[in-house]
Amino acid sequence: MTQTPLLSVRDLSVGFPAGKGHVLAVDSASFDVHPGELLGVVGESGSGKSVTALAIMGLLPPTAQLRGRILYEGDDMLGMSHRQLRTLRGRQLGMIFQEPMTSLNPVFTVGDQIMEAVTALDHMSKKAATDRAVDLLDKVGIPSPRRRLEDYPHQMSGGMRQRVMIAIALACSPRLLIADEPTTALDVTIQAQLLDLLNGLREELGTAIVLISHNMGVMAEVADRVVVMYASRVVEEAGIFQLFDEPQHPYTEGLLGSTPDMGEQPAGL
Amino acid sequence: MLGYTVSRLLQAIPILFLVSLMAFGIIYLIPGDAATVIGGPSASAQDLAQIRANLGLDQPLHVQILTFYTNLLQGDLGRSLLLGVPVTEAIIQRSPVTIGIAIYSLVLTIVLGLSTGIIAALNHNRWLDQAATIFALIGVSLPNFWLALVMIVLFSVNLGWLPTGGYVPFSQDPIGWLRTATMPAVSLALLQAGLLTRITRSTMLEVLSQDYIRTARSKGISEWKVVGKHALANVMMPVVTVLGLILSVLLSGSIVIETIFGVPGIGALLGNAISSRDYPMIQGGLLFVTAALLLLNILVDVLYTWLDPRIRVGGGK
Amino acid sequence: MTDLALTAPPRFARTRATLRRMLANRSFALGSLLFGFICIAALVGPLLVGIDPNALSIRDRFQPPSWQFLLGTDNLGRDMLSRVLYGARLSLGIGFAVIVLNAVFGVLLGALAGYYRRLDNILMRVADALMAFPAVLLAIGIAAALGPSAITAIVALAVVYIPRTARVVRASILVVRELDYVQAARASGATDARIITRHILPNCLAPLIVQLSFVFAYAILSEAVLSFLGLGSPPTVPSWGVLISEGRAYMREAAWLTMVPGVAIAITVLGLNLLGDGLRDVLDPRMKVEQG
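Residue numbers (the working numbering), protein chains in the order written: chain H, 1 to 269; chain V, 1 to 317; chain Y, 1 to 292.
It is possible that some hints are incorrect.
What the hints assert, rightly or not - SDA-like, lysine to any residue: derived pairs with alpha carbons at most 25 Å apart: (1) H:Lys139 x H:Gln191; (2) V:Lys229 x H:Pro62; (3) V:Lys225 x H:Leu59; (4) V:Lys225 x H:Gln191; (5) V:Lys229 x H:Gln191; (6) H:Lys126 x H:Gln98; (7) V:Lys229 x H:Glu221; (8) H:Lys127 x V:His124; (9) V:Lys229 x H:Ala120; (10) H:Lys126 x V:His124; (11) H:Lys126 x V:Ile213; (12) V:Lys229 x H:His214; (13) H:Lys20 x V:Lys225.
The set of hints was computed from the structure by calculation and includes no laboratory data. Quantities reported herein were computed from a predicted structural model and do not represent experimental measurements.
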């Protein structure tokens with residue numbers, strides 16, 4: 001890879017106070033995300049994947065202690081002001097969370113929540129914002145989008161809500177999308193549809209995606225490269241084929257071993 | 001929603017029936033002969049007979065109950081022994097005063113309680129949070145009538161800012177009303193403000209930890225909007241549910257507070273009735289205030305369902 | 001269903017740990033300190049001071065607090081320190097009587113309602129009606145009919161708060177009665193009385209204790225209101241509410257007459273509220289108490 005990375009995480013450590021001392025949730029993690037690629041981050045729960053994602057978004061609780069650097073196009077995000085971070089979140093980054101059932105505010109309509117993301121940093125007319133929201137819902141595959149704008153989250157299924165979440169994340173046409181276990185809470189057929197959708201969006205919009213999952217099978221389907229995290233550390237970073245052919249770390253081998261039939265069609269969809 | 005309102009009103013009927021029966025029964029709690037107690041030691045046998053006849057105590061119990069309910073259904077709560085006017089009339093005449101101060105006090109409670117609770121939650125475990133928590137605890141621990149006396153000593157006697165009591169109707173002189181109604185309203189509000197602060201703080205803390213708040217932040221909208229729109233909308237609902245409780249505390253507090261400040265509302269009316277053993281007025285006042293609160297509670301519940309789209313819109317999956 | 005689920009949880013083994021957690025809880029520690037101070041003052045104070053709270057001394061009328069009269073004297077020259085300490089006995093005594101009645105009848109009615117479905121409906125409708133009245137207003141109504149005395153205040157406040165306590169007991173019984181070990185006890189042929197007293201009630205203890213500490217606080221506050229309106233104890237045996245009511249007439253000249261008993265009430269209620277908060281945090285973190 002000769003391109004300059006879009007995002008570069010360097011020696012990132014994240015600690016949380018616990019009792020009298022503190023625990024390290026992420027320990028000196030380093031990896032790069034290149035423009036337009038789909039980087040998978042795998043690891044078991046508690047390995048620091050989600051904390052890393054939230055650190056990139058600047059959404060960790062104020063008690064978190066961060067060290068190291070997170071460079072977005074060369075600028076260190078950890079040194080940015082709240083305002084700069086907000087602007088970055090509103091223009092360059094988008095995030096999809098694990099729990100579609102609780103990630104949308106129950107008292108506002110879906111349309112309101114999408115339009116809010118659309119107009120977060122750009123002033124535009126109500127009509128323009130509505131059109132954009134309709135456009136986004138259409139893009140994430142929600143039928144008769146104009147009508148669904150008036151729906152409240154509780155009127156939609158989990159899969160639909162996750163599509164809405166993707167629409168919100170795409171509202172600012174981000175260059176980097178972070179998806180934290182976006183399909184874990186959903187059933188298998190919906191999972192496949194959403195992965196298809198994410199992959200299609202990447203190709204269409206050229207958005208780089210960091211896909212976090214504990215499922216090697218998912219990675220095999222969509223990832224270009226994979227970062228493996230184990231016990232708060234990055235233990236391996238490799239292209240998807242290389243990873244499946246010659247896993248370097250015993251934990252990676254273990255992961256591959258638990259999904260035996262996936263190695264056969266690594267790029268298949 | 002109309003169906004819900006109607007069903008809540010229907011549910012209130014048996015409770016209202018029991019409540020009225022209890023209010024009716026209070027006169028039977030008087031130890032010994034009620035007429036003697038009401039008439040006092042100087043009453044002659046003729047006076048006593050007159051009192052019994054006025055209150056219907058010379059009738060058999062079932063006739064008394066029947067009469068009570070026949071009158072009640074016509075809005076007749078009996079005649080005040082002290083004032084000589086119908087209880088309903090006296091209450092309705094006095095109610096604008098009490099309602100005015102109650103609304104003033106409610107506004108103070110909500111503004112003070114909500115803002116303190118939210119500030120505390122936003123500064124969780126920092127000194128502002130501690131200060132708000134202490135304020136709320138002290139608020140719920142002070143007797144409101146004592147607070148009223150302290151305020152009179154401080155603001156009327158020592159500083160001379162406000163009159164020690166009395167009342168000027170709002171329609172006559174809004175400034176005068178504000179000068180006379182402020183201390184009663186504040187002394188009524190502080191207790192509930194403490195209560196509301198505690199509830200708002202814990203609800204806000206819970207809401208702020210929700211996933212949808214994180215989603216809102218991830219959009220890049222201002223923190224002001226995250227808290228003021230996304231969090232607040234969800235905090236309001238649990239807060240609405242305690243409105244009924246707040247109103248109830250507020251109206252019972254008004255007896256003492258109106259008496260202290262000489263405000264001519266329902267509270268002072270009842271306070272006078274108590275000291276002069278005017279039982280029809282006590283019964284009628286008790287029943288009236290409780291029935292009003294039952295209706296207000298239903299209103300609050302309906303408001304709640306209207307606020308929550310999960311109930312209002314339905315069609316949940 | 002494991003064997004463990006068929007026996008009641010080992011409560012006494014945890015008692016020590018619970019006690020340690022309580023003492024580490026700041027609310028509980030501060031609350032017991034404040035409330036303990038007031039209780040000791042009520043018990044020992046009158047003996048230490050040794051002044052008759054009703055001893056008149058016209059020469060010493062309206063003495064502000066000084067070394068001779070620590071909390072000053074009233075319009076008849078009576079020693080305020082002594083009166084407040086005796087008042088503490090009465091106010092705390094009334095509060096204590098109210099929570100004892102609450103414990104007895106609240107548990108009895110709550111247990112009957114929670115355990116016997118048929119009684120539940122009737123008892124809870126009556127409780128709903130009693131709770132529809134604003135608490136203090138109902139107490140005032142009852143006390144106004146019964147005539148002023150300390151017993152009146154106790155009865156009126158008990159009637160007001162027992163339905164609220166019974167509801168708390170009932171709610172926890174509804175949960176506990178469906179648990180495995182209670183079902184097992186029933187299946188093995190234990191009598192209802194035995195199931196209720198041995199298996200169910202011990203598990204309602206935590207919410208009950210929390211509830212009672214708040215009822216105590218409300219009783220102290222409401223008793224002061226009743227006394228202030230002349231519906232509580234007579235002036236010769238002054239509770240704190242009576243003292244405030246007496247001092248009211250002399251607010252301009254002798255503010256300490258109202259300040260002192262008011263601060264006493266505030267300390268007691270604050271202590272009880274802190275105690276209740278601490279107990280709830282430690283014993284029953286999910287519980288929410290609402291009172292009217």
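Consistency of the hints with the structure:
no., hint, in the structure
1, H:Lys139 x H:Gln191, "holds (17 Å)"
2, V:Lys229 x H:Pro62, "holds (21 Å)"
3, V:Lys225 x H:Leu59, "holds (16 Å)"
4, V:Lys225 x H:Gln191, "violated (32 Å)"
5, V:Lys229 x H:Gln191, "violated (32 Å)"
6, H:Lys126 x H:Gln98, "violated (30 Å)"
7, V:Lys229 x H:Glu221, "violated (40 Å)"
8, H:Lys127 x V:His124, "violated (40 Å)"
9, V:Lys229 x H:Ala120, "holds (13 Å)"
10, H:Lys126 x V:His124, "violated (36 Å)"
11, H:Lys126 x V:Ile213, "holds (24 Å)"
12, V:Lys229 x H:His214, "violated (34 Å)"
13, H:Lys20 x V:Lys225, "violated (35 Å)"
Hints 4, 5, 6, 7, 8, 10, 12 and 13 from the earlier list are contradicted by this structure; the remaining hints agree with it.
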